[in-house]
Amino acid sequence: MISAVVPFLLFAICTYALYTGIDVFSVFIRGARKGLDTAIGILPTLIGLLTAVYMLRASGVIDLAGEILSPLMSILGIPKECTVLALLKPISGGGGLAVGSEIIKTYGADSYTGRVAAVMLGASETSLYTIGIYCGYLGIKNTRYAVPVALAGDIVAFVTSAFFVKIF
Amino acid sequence: MLSKLWVSFLGISFIFGFLTNRMDVVSAAYTEGAAAAIELILKIVGLMCLWSGVMEIAYESGLSGHIARLMRPLLKSLFGKVSKDEKAMELISANITANLLGVSNAATPIGLQAASRLYNLSGKRGTPDSVLTLTILNTASIQIIPTTVAAIRSSYGAAKPFDIMPAVWGASLCSVVTVLFLARLLKNRFPDISK
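Chains A and B, in that order, are what the protein sequence lines are. Reminder that position 147 of the first sequence reads as 147 in the working numbering, one-by-one numbering, no gaps. Reminder that position 150 of the second sequence reads as 1150 in the working numbering, one-by-one numbering, no gaps.
Since the hints were made in silico from the structure, they are not lab data. Check before you lean on any hint, since a few could be wrong.
[Unchecked claim] Simulated pairs of lysine-lysine, BS3-like, Cα-Cα distance not exceeding 30 Å: (1) B:LYS1087 - B:LYS1124; (2) A:LYS141 - B:LYS1087; (3) A:LYS105 - B:LYS1043.
Please work from the sequences and hints to get the whole structure.
As structure tokens, this is what we get:
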């Protein structure tokens, strides 16, 4: 059932676009080009952060952090392997991608841990960075409730990620 | 912020690796990270481009306009008084639609325009609730098709890369509802003192 969603959307969007009279393929090419720019744009960040993540993991400190925080994580129902992902994602999108993809690679894309990591990545944003961009752009210094609210939203996203992976 | 974090990562791995006598492993890991980054990008870049292209079509064909119109009543209740401003509401709808479609390179510039419009409407003083509402909406992810994640899953051999979608929708929805609810709850506890 869910396998039909993506092919259907692909078909429906393109048919609708053709019907509205836009030059579907040129627009596609332009968009795909932007995807390439995005990928190239995050590459330097990924190189820097994956190097750090690999070194951190080799030093054993990631496992230690997972062990230390595992009581808290088990209360929240999040696999302890995803601890560092939960800590890093609100700060850095590239860092989240680096850690998340490593978890998916190590534990397997279809494993419970790998699926939770994927859903955590997909269901959360780089909150602190976003607040920085929006308030920084307007020159707002007092962000009032934005930070606690956004972090609470991330925690809820992470906890419910684990929950929904379990029930679906 | 990222600078301090990155340097402390490198420092922690050095010190911790030294203490646990794993320096050779840490040193080997340092050579692997950069290659792994290239490998990851190579694996996901195709699907990222494909979806970026499809979402551009959705955006360009005016499909986003329809979605934006459906959102109007919801935005009215979220933004209160400022929802009378047509231009602001238009920009906010466009920002949310771009987020929904995952066209993030379009979402941020429009979002910033919307934020600046909202700020001006509130007299350019303090930290207006309308600006914060828009900001926290952007801190919660509301993507319909989680393309990057699906690309990563597919590159590491997932049988059905997109079958995590219902879980992503569920978790995103819970998080969006949480931030909006908490913002409303905490509004008066964090008064706009700079006003």
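Status of the hints after comparison with the structure:
1. B:LYS1087 - B:LYS1124: holds, 17 Å
2. A:LYS141 - B:LYS1087: OK: A:LYS141 and B:LYS1087 at ~26 Å, within 30 Å.
3. A:LYS105 - B:LYS1043: Distance ~12 Å between A:LYS105 and B:LYS1043 Cα, so the pair holds.
The structure fails none of the hints (numbered hints given earlier).
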